[in-house]
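Asks: For chain A, the structure is supplied; the task is to place chain B on it using the hints.
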Amino acid sequence: MKNLVAALLVVLRKELVDGLRDRRSLISVLAPLALLPVLLFVGMSQATEAVERARQITVPVIGAEHASELTEWLDQQAGIEIEQGPDQPREAVRNGEVDFVLVIPKDFAERFAKSETAEVEIILEGMDRGLDRAVGRVRDLIRGYSRGIADQRLIVRGISPEVARPVRVETIELATQQQRTAMLIGFMPLILVMGIFVGGLQIAIDSTAGERERGSLEPLLVIPVPRLSIIGGKWLAATAFSLASAVLTAALMGIGLEYSPLQRLGLRLELDGGVMALMVAAIVPLAFSVTALQMVVATLARSYKEAQSYVSFLMLLPMLPLALTMNSPIEDATWRLLVPVLAQQQLIQGAIGGEGVALVDFGVTVLMAAAFAGVCLWLTSDLFRRERIVFGR
Amino acid sequence: MIEVRGLRKRFGDVVAVDDVSFEARNGEVTALLGENGAGKTTTLRSIYGLIQPDVGEVRVDGVDGIAQPLSARMGLGVLSEARGLYPRLTPREHMRYFAHLQGLGRAETETRCEDLVDLLGMQDFADRRAAGLSHGENTKVALSRALLHDPANILLDEPTTGLDVMSTRAVRELIVQLRARGKCVVFSSHVMQEVAAVSDRIVVVSAGRVVASGTPAELRRSTGLDDLEDVFVALAGRGGAWE
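So the sequences go chain by chain: A and B. Residue 284 in the numbering used here sits at position 284 of the first sequence; the count goes up by one each step and never skips. Residue 3 in the numbering used here sits at position 3 of the second sequence; the count goes up by one each step and never skips.
Bound-form chain B, shown alone:
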């Protein structure tokens, strides 16, 4: 469960996020939908505490994410915008490194690694050095790294960007599986179809502001439009900065 209230962040003269509030519940997939530069990444970074918002409140399972960033992060699994790997380590070594840092024991680490290798279909490259991995393989390793400690809340920043069709489907399936296990999943995207396919709740962000939020059905109703893409364009237009 993630609660964000009145988030505001300014970089120099640019207000990146302006009074963003939303709630992401357990067992639901919440999408942050918006064009590049709308403030999605800044919002996510504020939740996992690498950005200190000027104003606002973040709660992860009730823990104050701004006052106690370390405790709040314990309940989070994050696929950040930056998802680089160590070229000289294998995917499995990446997983072990992050699992040990998360405080997992040796035996637990190995079981979790095996589970994730299976879940994400990483058998073919799990023991190859990361230097030669494809973009899709890279994203899978980054995802596995985020899910090792079986977090209750999962933040995915543009998880499908740059992926081919097969990898995109794999990620989508993963999101659905996580929801089925009662996780609170928040992901950002600028791709309409993707959001429509998996989200229970959509938060439309434009120019740093939340211009609308609700279930896909609610959004259709409120705009009187049937096609989600039209809804998106109509809503984003209200934000004013959408050209």
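Next comes chain A alone, as it looks inside the complex:
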């Protein structure tokens, strides 16, 4: 056992030195960073929308009891919350206690019942950009409500509402706010998983298919050390690169979001150190299984080139589900914890969403990763015993 570990460390050290000297290995560590600008772009495009819609608008109302139907309806609208307004609305607005107040006069119910025009007042100090949006939204909602009532009244009188609406403007919104936030959040696991898959790929290939192709595998296997030491050392070196890539990506992502205009524009996506650490922790087990899988595949390949194309193809496997679920996240579910990549996606989304990561969930993914990596390493070790593989027949 002592021998096994000692030899493993020797192999690990050599592969790390070799990898650090290999331009291709270094490039593969940095490759996922190229995707960061895309992430920021997605973030930017959604930022303006975020300011407009994402903020919860609290509407202070006075006299809500005079129009309970209206205020209840308002309260049910997304992003709108009704609260009891101040007793002295004009004073409160002037003092800046509230931004605006919706006042419903006493005669509202009476006029409303008689089908006369009932008035409501919005009291505000003056317009600024942020307030404009909030007030505009409340105004739009009340207009919408008013139009609905008007339609009903017309229909009751046997008149088609269309008569009273000569022109209609239809605004078609392609992505809703929620979808865009989900997209941004969905992008994070994608880019991190990408880092995991790309970071260690070069070492996984170079130390298996590459080692055989350049004729250094046979001399290595002649040395009386357990195959598991050799494979284990290579595996850990690949994993180290894979993790380096993911950590670097996460760190730059954090810095990028911190200094980009996203935060200032009010994007609700907090990526502080704690969340970053959780994200990286969530992804760590995946690195160990991915590099183990890459090693089996690369060992099976007949040549270095073949190994490269197989392993690159392997990268598509996680990208597909991640890309597909970027726009419409699938529900959190226990079964997802059992599937590598999907499990990490769930954990990362939990971390970003501020829900944190349950230790039990994390434990499950660690166990799954360990089992997966174990099987892959055992397979690789078995392959290294086969003459066909060692001599590339």
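You may find that some hints are simply not true.
With the C-beta cut set under 10 Å, the calculated list includes, among others, these residues of chain A facing chain B [unchecked claim]:
id, residue
1, Ala7
2, Leu9
3, Lys14
4, Asp18
5, Glu213
6, Gly215
7, Ser216
8, Glu218
9, Leu220
10, Leu221
11, Pro224
12, Pro226
13, Val364
14, Arg385
15, Glu387
Don't read these hints as lab results, they were simulated from the structure. Every residue gets a Cβ at the ideal spot worked out from N, C-alpha and C, and that includes glycine.
Replies: What follows is chain B alone, placed relative to chain A:
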């Protein structure tokens, strides 16, 4: 001391090695002589355990090479057919890597590296990256890698193939030196002159079978031929697959 008995290995329909037996003693150089594809490499690979023979027995200093390949390999230094280097490591780093894997300590590793750099004349390129080494330099690094742990038994698969005259002589001198130090040296070759120059014992292999073995003098006597090359051709002809 290496003993091989009744070795047989088949790849698909081809019988690569068919009942090969021989013995290589300490302090002697044993040559496996045969044409390409005669089964020399397969025989050597069976000794160092990377090929599992279908039938047969391999003993390295008495250790069963098939049942206990790791223990058997401890007593072996091997220059395999594949002798590639890591292009981004220097020869010295290659030596350190293999020495540490063999379990040598730090101080011991450095002394052995220095010894081998001197012995093989590697001073000029010992600290250059392997990517730019010549074929001869490459072979020297591969040789040093095989000898680091000072093994008692040394297997060299076609050690001089592709080398220029100077490098070939260096390898030959190395073989003679190893014998002088009481090592058991086994090397394969298809070059008559080389075998004649350094071998104490020759095992002639053809089409996977041992067609003759003995000292050069014995082989001459048994065939009634004087020139070793004629001996070789005559013996190989008996194997039947030599054209």
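Asks: Decide, hint by hint, whether the structure agrees.
Replies: Here is how each hint holds up against the structure:
Look at alanine 7(A): its Cβ gets to within about 6 Å of chain B, closer than 10 Å, so that hint holds up. Given the 10 Å rule on beta carbons, the hint for leucine 9(A) holds: about 9 Å separates it from the nearest Cβ of chain B. Checking lysine 14(A) against chain B: minimum C-beta separation of about 5 Å stays under 10 Å; hint holds. Among the interface hints, the one on aspartate 18(A) holds; its C-beta lies about 5 Å from the nearest C-beta in chain B, closer than the 10 Å criterion.
The interface hint given for glutamate 213(A) holds, since its Cβ lies 8 Å from the closest Cβ of chain B, which is under the 10 Å cut-off. Look at glycine 215(A): its Cβ gets to within about 3 Å of chain B, closer than 10 Å, so that hint holds up. Taking 10 Å as the C-beta cut-off, the interface hint given for serine 216(A) holds, the closest approach to chain B being about 4 Å. Given hint, glutamate 218(A) at the interface with chain B, holds; its Cβ is 4 Å from that chain's nearest Cβ, closer than 10 Å.
A cut of 10 Å between beta carbons decides the hint on leucine 220(A): the least distance to chain B is about 8 Å, and the hint holds. A hinted interface residue such as leucine 221(A) counts as satisfied when its beta carbon comes closer than 10 Å to some beta carbon of chain B; here the least separation is about 6 Å, so the hint holds. The beta carbon of proline 224(A) is positioned within 10 Å of a beta carbon in chain B (closest approach about 4 Å), and the interface hint is therefore held. The restraint placing proline 226(A) at the interface with chain B holds, with a minimum CB-CB distance near 7 Å, inside the 10 Å limit.
This hint is violated: valine 364(A) has a C-beta 37 Å from the nearest C-beta of chain B, more than the 10 Å allowed. With a cut of 10 Å, the hint placing arginine 385(A) at the interface with chain B holds, because the nearest CB-to-CB distance is about 9 Å. With its C-beta approaching chain B no nearer than about 6 Å, glutamate 387(A) sits inside the 10 Å limit, and its interface hint holds.
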